[in-house]
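Engineer: What follows is the residue order along each chain.
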Amino acid sequence: MEELPIRTGDDVVRVRQQVRVVAARSGLSLVDQTKLVTAASELARNALVHGGGGTARVEVVTSGAGKPGVRVDFTDDGPGIPDVDLALTDGWTTGDGLGLGLSGARRLVDEFELTSKPGRGTSVVVTKWSR
Amino acid sequence: MERVPILRIGTTLFVSIQIDLQDESVLQLQEDLAEELAATSARGVIIDITAVEIVDSFIGRMLATIGSISRLFDAETVLVGMRPAVAITLTELGLSLRGVRTALNAEKGLALLNGTA
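Just so you know, the sequences run in chain order L and P.
In this text, residue positions in the first sequence follow this note's numbering: the first is 1326, and each later residue adds one.
In this text, residue positions in the second sequence follow this note's numbering: the first is -18, and each later residue adds one.
Keep in mind the hints are simulated off the structure, nothing from the lab.
Watch out, some of these pointers could steer you wrong.
[As the list claims (entries may be wrong)] Here are some, though not all, of the chain P residues that point toward chain L, as calculated from beta-carbon distances under 8 Å:
| hint | residue |
| --- | --- |
| 1 | Gln3 |
| 2 | Glu5 |
| 3 | Glu12 |
| 4 | Glu34 |
| 5 | Ile35 |
| 6 | Ser38 |
| 7 | Phe39 |
| 8 | Ala66 |
| 9 | Val67 |
| 10 | Thr70 |
| 11 | Glu73 |
[Claimed, not checked] A few chain P residues facing chain L, derived, Cβ under 8 Å:
| hint | residue |
| --- | --- |
| 12 | Asp1 |
| 13 | Asp4 |
| 14 | Asp37 |
| 15 | Ile69 |
Just so it is clear, the structure is predicted and the values come from calculations on it, not from any experiment.
We put the CB at the ideal spot given by N, CA and C, even for glycine.
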């Protein structure tokens, strides 16, 4: 498992690169790699912009059926998300984007788990399985 | 932050993105292109994303914005060389890039701008 800091725009690029390397090594198809890396890019940016920075943990996992996959865990200590359901709605935005970041990231992965406590930060764990 | 170079060939500005784009680089490109369009009275912009491995919602929105800005300078933008995996991902993400024309490669993009496609 690798833990990467998310403090700058360069860090977001490094997270994307690391997720790409691990996804390719785990045998994800090119399209699935691209979907996971794109989701990781959205979530790393969220951690940086809305969470004031955080960390990404990238790991290879195995499903109950023995299939390999990649899991990425994004954690920040930011203000948290007051209304998670609302934040996951297409088009809902804090004001500066299209509101596709979080909802789009969820569509691009197989598993998506968001935990947020107002004032205590946000954690998003995503998994993509190889087919 | 790395900067994306802009080449002028006749009345066309040519941008080939060869770096791993971070948000600041895309914003800088937007500014550089606006200045170049104002200074050169170019009529077309070709953005080659052959080497771009992912386009997320921010990068996609910026590409669409570049298209809108160009139009204000009486120039047309054509996005060329999108990888199949990027196209599939963008669509699933929910981005349609309305307002930006696309072509398979730089040659076809240039033909589109010159009205010979």
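Engineer: Hint by hint, say whether it matches the structure.
Structural biologist: Going down the list of hints, with the structure as the test:
1. Gln3: Holds: closest Cβ of chain L sits about 4 Å from P/Gln3, inside 8 Å.
2. Glu5: holds (5 Å)
3. Glu12: violated (16 Å)
4. Glu34: Status holds, d = 7 Å.
5. Ile35: Holds, about 5 Å.
6. Ser38: Nearest chain L Cβ about 4 Å off; hint holds.
7. Phe39: Given a least distance of 6 Å, the restraint on P/Phe39 holds.
8. Ala66: Status holds, d = 4 Å.
9. Val67: Constraint on P/Val67 satisfied, holds at 6 Å.
10. Thr70: holds (5 Å)
11. Glu73: Since the shortest Cβ distance to chain L is 6 Å, the answer is holds.
12. Asp1: holds (5 Å)
13. Asp4: This hint holds: P/Asp4 lies near chain L, its Cβ roughly 5 Å from the closest one there, short of 8 Å.
14. Asp37: holds (4 Å)
15. Ile69: holds (5 Å)
Hint violations for this structure: number 3 only, all remaining hints satisfied.
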